[in-house]
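Novice: Keeping their order, the protein sequence lines are chains A and B. The working numbering numbers the first residue of the first sequence as 770 and each following residue consecutively. The working numbering numbers the first residue of the second sequence as 148 and each following residue consecutively.
Keep in mind that a hint or two might mislead.
[Unchecked claim] Straight-line Cα separation of at most 27 Å, DSS-like style, residue types lysine-lysine; simulated pairs:
# : chain 1 : residue 1 : chain 2 : residue 2
1 : B       : K188      : B       : K161
2 : B       : K157      : A       : K1040
3 : B       : K188      : B       : K157
4 : A       : K864      : B       : K251
5 : A       : K1040     : B       : K251
6 : A       : K1127     : B       : K257
Don't read these hints as lab results, they were simulated from the structure.
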Amino acid sequence: MATKASRGMAVPAAMSEGGSGASVEGVPVPTYEWMGLTAEWGTRVKPGEHGLRLSDLNVGIYGEVPEVWEDQTRRPRGALPRPGVPPLPYNLRSKHQMWADSAANLYEEAIQRRWIPATEVPWHTLEPLPEDIERAVCQVCTELSQYANTEIEIITYWQDQMSYGYYEVKQFLATATFDCARLIEVLRKRALANGGGLGVESRGLVNRMILESRGGWTESAAYQYLMRGTFTMRVLSGLLNAAHNDAERMIFAKAIEDHARHLTYGYDHLKYAVSHQAGQADIMQTLLSLGEVMMAAELEETTLRPALAIIFGGGIQGGRTVGMETFLHLVGDFVRDYLALCDWLGVPRTEMLHPMLKKYLEY
Amino acid sequence: MTTAEPLSVKWLKKAQSIVNADSSFRKRGSIDVKMGVRIGKATYLVTFAGFSCHDVHKLNDNDLRDADFIVEMSADQWDRFLAGRRAGNGRTLADLDTTDGVVKTVNPRKKLEFLRFHTSLQAFFDAGANADATQAA
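Could you build all of it, start to finish, from the sequences and the hints given here?
Specialist: Dropping the structure here:
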């Protein structure tokens, strides 16, 4: 194909009206003016040993990720803008409001490490459990489903407002919502596949706190990932440890991998925000001091507490002793993780930790 | 394998060659991680990139910073871990870590490098454990 110069680049020349083929009567002749319009042409990204990844495409102007993306349209990064396109409400247009360097590769990881609950979980390994344990497992499935649909709702609320200049983040978050949908699917299947059913809805103090965080995605990410997500990882690990059969082992093993990707993005974003936006560390301190109150209150009253104790203790009897002790250790581990992460983020909380959370450090 | 050296480069390379020849390992998805393994006094670095295990070598303690995380067990723990996996009912690394803290990291963020890929890493150790069993039979 012939080429012509456009902004110094060699691009395909616009073809003459009618092109090389004969026109068909009654069919409009296509126009070709757009063919010469590009910001950068001649890009040839080669696949590496991982295949062709999103991050590999960050070459030339396509790899320029600006600190602020003023464009309020759906224009893909690197495409030419079209005058006259009305703005849309993309209110998050600064890199520090959503960025994490890991987002593009986490997107690829999510696509490559996907799994299929319908056929890959060995459902035939489910066996009847004592009723108290089955009820506890089902209650945990019920509450974790609510955790997952809260994550979907808060991501999609903000995703809608994220500008296309940071498309890697929007792409990754799309996989995170899919992961959450899969978690809801598999937990519902577990609850309904072994003689039980769903339990009671949780009061959802932290869910509400997450969903009502309206100061920006970074605020929501602090609650969703640093607080709730860090706790959830400990819960999933505890459930893997206490799994009753291979079906549960696979469910929680794979849920941990998915959740770890979400936390990787969440923690990396918070780190980016704190280190690239003046004053963000102070804002985080305020947010976390408020969030700790809700987290502590929920830990006191959540039905997850007795349900997990029963699972860890092998029944109601054991749930009163070793089961509750295990649960308290789990919460202690969560609080230690949380404090270590706050240190890593540059938002130390050890001295200011809410007393209702501090008490778990005894375990 | 001797009591003095419960794990060796040879053992790890065997696991490496098995998973690299196994299409089901690739199907688990890409894995990009540098795993330190310290059993007893000896330390090794196992590097995964893309869909395969790229490299295995012995490490000095000074080079441990190259690792994203370190799987650390006593010789006894390691033997029990392998025996359980060979028998088909043993605890996984992720499971063991919950109670015994066998995966060491400098902070909880680094622990995610293990948790994101733990089923692939388990497949690697299972490959080595099962090769032992096949050899012994």
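Novice: Now look at each hint and say whether the structure bears it out.
Specialist: Evaluated hints:
{"no.": "1", "hint": "B:K188 / B:K161", "in the structure": "21 Å, holds"}
{"no.": "2", "hint": "B:K157 / A:K1040", "in the structure": "40 Å, violated"}
{"no.": "3", "hint": "B:K188 / B:K157", "in the structure": "16 Å, holds"}
{"no.": "4", "hint": "A:K864 / B:K251", "in the structure": "33 Å, violated"}
{"no.": "5", "hint": "A:K1040 / B:K251", "in the structure": "21 Å, holds"}
{"no.": "6", "hint": "A:K1127 / B:K257", "in the structure": "24 Å, holds"}
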